[in-house]
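Engineer: One line per chain: the protein sequences are A and B, in this order. Oh and the first sequence: position 15 is 15 in the numbering used here, straight run, nothing missing. Oh and the second sequence: position 160 is 160 in the numbering used here, straight run, nothing missing.
In short, the hints are calculated from the structure, not lab data. This one's a predicted model, so the numbers in the text were calculated from it and none came from an experiment. One should not assume that every hint holds.
Each pair may be met inside one copy or between any two copies, as identical chains are not told apart.
[As the list claims (entries may be wrong)] DSS-like cross-link-like pairs, simulated, lysine-lysine; straight-line CA separation at most 27 Å:
(1) 28 / 137
(2) 241 / 28
(3) 290 / 258
(4) 166 / 103
(5) 166 / 28
Number of protein chains: 2
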Amino acid sequence: MTVLNKENFEVSLQNRLNQKLNSLLKNKNIIEESISYALSNPGKRVRPLLIYLVGDALNIPERKLDSIALASEIIHTYSLVHDDLPCMDDDDLRRGKPTLHKKYSESTAVLAGDAMQTLAIKIILEDENLSNENRVKIASFLLQTIGHEGMILGQDQDIRFEEKLKVSKDEIIEMNRLKTGLLIEFCILAPILISGTKNDAWQEMATSVGISFQLIDDLLDLEESEENLGKATNKDEQKNKKSAPIVVGIIDTQKEIKKYEDKTMESLVKLGLNSHPLADYLQDLYRRRK
Amino acid sequence: MTVLNKENFEVSLQNRLNQKLNSLLKNKNIIEESISYALSNPGKRVRPLLIYLVGDALNIPERKLDSIALASEIIHTYSLVHDDLPCMDDDDLRRGKPTLHKKYSESTAVLAGDAMQTLAIKIILEDENLSNENRVKIASFLLQTIGHEGMILGQDQDIRFEEKLKVSKDEIIEMNRLKTGLLIEFCILAPILISGTKNDAWQEMATSVGISFQLIDDLLDLEESEENLGKATNKDEQKNKKSAPIVVGIIDTQKEIKKYEDKTMESLVKLGLNSHPLADYLQDLYRRRK
Numbered sequence: 001m002t003v004l005n006k007e008n009f010e011v012s013l014q015n016r017l018n019q020k021l022n023s024l025l026k027n028k029n030i031i032e033e034s035i036s037y038a039l040s041n042p043g044k045r046v047r048p049l050l051i052y053l054v055g056d057a058l059n060i061p062e063r064k065l066d067s068i069a070l071a072s073e074i075i076h077t078y079s080l081v082h083d084d085l086p087c088m089d090d091d092d093l094r095r096g097k098p099t100l101h102k103k104y105s106e107s108t109a110v111l112a113g114d115a116m117q118t119l120a121i122k123i124i125l126e127d128e129n130l131s132n133e134n135r136v137k138i139a140s141f142l143l144q145t146i147g148h149e150g151m152i153l154g155q156d157q158d159i160r161f162e163e164k165l166k167v168s169k170d171e172i173i174e175m176n177r178l179k180t181g182l183l184i185e186f187c188i189l190a191p192i193l194i195s196g197t198k199n200d201a202w203q204e205m206a207t208s209v210g211i212s213f214q215l216i217d218d219l220l221d222l223e224e225s226e227e228n229l230g231k232a233t234n235k236d237e238q239k240n241k242k243s244a245p246i247v248v249g250i251i252d253t254q255k256e257i258k259k260y261e262d263k264t265m266e267s268l269v270k271l272g273l274n275s276h277p278l279a280d281y282l283q284d285l286y287r288r289r290k
Numbered sequence: 001m002t003v004l005n006k007e008n009f010e011v012s013l014q015n016r017l018n019q020k021l022n023s024l025l026k027n028k029n030i031i032e033e034s035i036s037y038a039l040s041n042p043g044k045r046v047r048p049l050l051i052y053l054v055g056d057a058l059n060i061p062e063r064k065l066d067s068i069a070l071a072s073e074i075i076h077t078y079s080l081v082h083d084d085l086p087c088m089d090d091d092d093l094r095r096g097k098p099t100l101h102k103k104y105s106e107s108t109a110v111l112a113g114d115a116m117q118t119l120a121i122k123i124i125l126e127d128e129n130l131s132n133e134n135r136v137k138i139a140s141f142l143l144q145t146i147g148h149e150g151m152i153l154g155q156d157q158d159i160r161f162e163e164k165l166k167v168s169k170d171e172i173i174e175m176n177r178l179k180t181g182l183l184i185e186f187c188i189l190a191p192i193l194i195s196g197t198k199n200d201a202w203q204e205m206a207t208s209v210g211i212s213f214q215l216i217d218d219l220l221d222l223e224e225s226e227e228n229l230g231k232a233t234n235k236d237e238q239k240n241k242k243s244a245p246i247v248v249g250i251i252d253t254q255k256e257i258k259k260y261e262d263k264t265m266e267s268l269v270k271l272g273l274n275s276h277p278l279a280d281y282l283q284d285l286y287r288r289r290k
């Protein structure tokens, strides 16, 4: 069952999200303007698309997913804005455009990131398409995902690993899951909170997609040229960053990704979704070259 | 009506709050440890105390106020941690102790601040003493208070004013209200969301206490020596900061504060609270020397 058109669901969902992102802020001060700048940088919108696709598989109307989709993209963007800061990864470019602190200032980048976190949660809590119970459940789940036991802890480990001589594969996988995986998991599992569906295959799929998403990113980062990706590549190696392909090698990372891909596809079969657009989309994610 | 002991309510409420703050985190990683470090720096705990005092005036049991009180102090502390960063106010000391980025690192300070915002909202949303409706209402109100139309906008204006040659009194007052006032207003008005009380005098009191709180701080900052306050003083003038006493002078700032004090006391009379501990506490705030 799907209401999505198999041929163009990606573009149509991206359009839906971009429209909603564009109408969010009135740009009446530098903070709003800089948030709009960061949000308008066209990424793949992976997180909101996962929410809409899983929601479609569960027969949830799109209007009940909009606020969660928006929030996931805003949280992701906030994490990039803070991650790009000079005291963190110190990146000047993001998807080929100057990072927020380069375009505006460092203080504006700190503050805009702060305000983006606020905005994301507020959008969920004020969504009239959701019951109070669901607003609380979903916002709490998102906060659990991004806090000191989740995304922030992963970010901190990532920076700390730069100073370590040796990091194990398990430590890298754990850091990946915290830093990137949990937010992807949230996107796959949040619609399930609305529909009340229970099936362990969802959790297995979510974990597999989440961890492998970062592994693929790290592989691409090592392989592709600066031009191709629109961000500084091989910078990770220069900065003594510990990504999976750097620590365990490219071949072993590819094997690891294949393992997660197989698990993902098995879960889709278990859920009867192997011919749903979600399956195509996930397959494309595993095969992506940027 | 009060359940508070007039003689020692301040110490007993501070103890209640500190106990809850101490049991919040297990310090099992650097992020948690640094958050505990920031929260244990003993401030006056003005914001939670206002919440408990207003709640007492409205006959709300303390257990229904705990999460809001905790959240207000955590949000305040997060704003200080980010405000102290080198790219913002660049402060090395906070209440006589090294600021978080001095004690740990700049990246940890950014991340710990981020995680504190997350934690504060999560505590309210997961408070089993509040209905889902109240959790949503109160958390939304707090997010409105601290976002891109509130505290963050005020912080940005504060930094931007450093580069301006001239700033008007009205601009300073507006910046004060956004940066500091709104969170104080939240503390006075949030308990009212629980009790459902309606009276314009509460709003008038909240606005007056909020704006004058920052005015008094700025006056003290200009008057007191570094030793006395435990933070760098006169630094504001050196950095071309635009506070009210710098822009309109000490005498006019004192007059302004007196005006707000009178309004506060009138509101207390209108609400029949002029002999409630809240009145004593507010009077002490207006008279404070640090």
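Engineer: Please sort residue 28 with residue 137 into within, between, both or neither, judging by C-alpha distance up to 27 Å.
Structural biologist: between (32 Å within a copy, 26 Å between copies)
Engineer: Please sort residue 166 with residue 28 into within, between, both or neither, judging by C-alpha distance up to 27 Å.
Structural biologist: For residue 166 and residue 28, the Cα distance is within 27 Å only across copies (21 Å; inside one copy 48 Å).
Engineer: With identical chains, the pair residue 241 and residue 28 could be close in the same copy or across copies; at 27 Å between alpha carbons, which is it: within, between, both, or neither?
Structural biologist: Close across copies (23 Å), not inside one copy (39 Å); limit 27 Å.
Engineer: Given identical chains, is residue 166 near residue 103, meaning Cα to Cα at most 27 Å, within a copy, between copies, both, or neither?
Structural biologist: between (36 Å within a copy, 25 Å between copies)
Engineer: At 27 Å max between alpha carbons, let me know whether residue 290 reaches residue 258 within a copy, between copies, both or neither.
Structural biologist: Only inside one copy: residue 290 and residue 258 sit 17 Å apart there, 62 Å across copies, limit 27 Å.
The structure meets every hint from the earlier list without exception.
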